[in-house]
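Trainee: Got chain A sorted already, so can you dock chain B onto it with the hints?
Same order as they appear, the protein sequences are chains A and B. This note's numbering applies: residue 40 is where the first sequence begins, and numbers increase by one. This note's numbering applies: residue 40 is where the second sequence begins, and numbers increase by one.
As the list makes no split between identical chains, a pair holds if one copy fits it or if it spans any two.
In silico SDA-like pairs for lysine to any residue, Cα to Cα no more than 20 Å straight-line:
#, residue 1, residue 2
1, K210, A172
2, K210, S186
3, K210, I198
4, K210, S155
Hint data in this document are derived by calculation from the structure and do not stem from the laboratory.
Number of protein chains: 2
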Amino acid sequence: MDIVKRIRLNPLERRDQLIELGMTMLSLRGLEQISVEDIAKKAGISRGLLFHYFASKRDFHLAIVQHASDELLERTAPDPSLTEPAEILRDAMRRYLEYVEDNRESYISFMRGPASTDPEMRAIFDSNRAEIARRTIAHLPIPPHVSAARTDLAVRGWIAFIEEATVSWLKDPQITRDELIDMNVQALPTLTLSPGLAAALLD
Amino acid sequence: MDIVKRIRLNPLERRDQLIELGMTMLSLRGLEQISVEDIAKKAGISRGLLFHYFASKRDFHLAIVQHASDELLERTAPDPSLTEPAEILRDAMRRYLEYVEDNRESYISFMRGPASTDPEMRAIFDSNRAEIARRTIAHLPIPPHVSAARTDLAVRGWIAFIEEATVSWLKDPQITRDELIDMNVQALPTLTLSPGLAAALLD
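One chain only, chain A, in its complex shape:
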């Protein structure tokens, strides 16, 4: 049964429900294929009422992308019970791939579809990447001779490395998930010139 039970929701709850329905659809198909009509139908409301919560189809899509971004950041937040940088990194990368596998169609669509070059969508992705970079740098033992500018560029590049490797792997998984996790985490200290972390990750 596809239709959500018709219950009275307050405006914030209704807005969240519509975004949640969008997220569920997004896990099955790309952003471009999400129809406002289908979502309204599933929520048991009219198309017109949906536009009471979102000014346009585009605003609805932006709200979904923002929600997906927040969710990814929440699900990959560093575990405060861990103390070793190598452990923190490996644990977060494991959860990153879990998120990606739960949302493979939307991940591919965000990375490769029209959304990836749309300026407003891109601003959301870039702010997401900036937060991942910030967290990564916070736990990274950087040798004193390496400049902050170089580290910043290397971490941005590392995020692009992960995204490319992950999309390629989702489309054609030629190595195991554990091999991908190893490759992604071991890439970081070598790119950012952190030999101590590199050694810890090879343990």
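Mentor: Just chain B now, with coordinates in the frame of chain A:
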């Protein structure tokens, strides 16, 4: 004087001339800003005649992108007089950045603009990346315990790393060109687990 001298060109020469004019414009602005009218004017021909050579504006843009891709591959071809993998890589990377600096607006537009997600444009970029990956792997000393699938994924990821670092650097050059070259070339053996090459690059 902007107008090219009106001379009789045979059809192939005329087609090449139009693509060359497109390339020149592309070095100054993104693909989306290239107007068919401006190109025809500069070539001293009518808009109608331009469409004799290219079926549509889109076909003209695709021909320009294909030409830019061929030119990048030509300008970064491995120097056959070099024999050491580390030298070959560093020399090719130096020429890659020369090409990028000569074509900065088009490079940024290819990497970040709508062209980067257009399926036909993307097919040209992906075949360009596949050729760069093929050349890279051909000169890469890979240890026997590393699988070809892992190497392939790591080289794809490395190309994404370079592209991201290069676009970020073009927009906000916080490190020197030589530092960027060093970072890009040293990233390869660490990502592909080639310790011999890594040592040679640090020499």
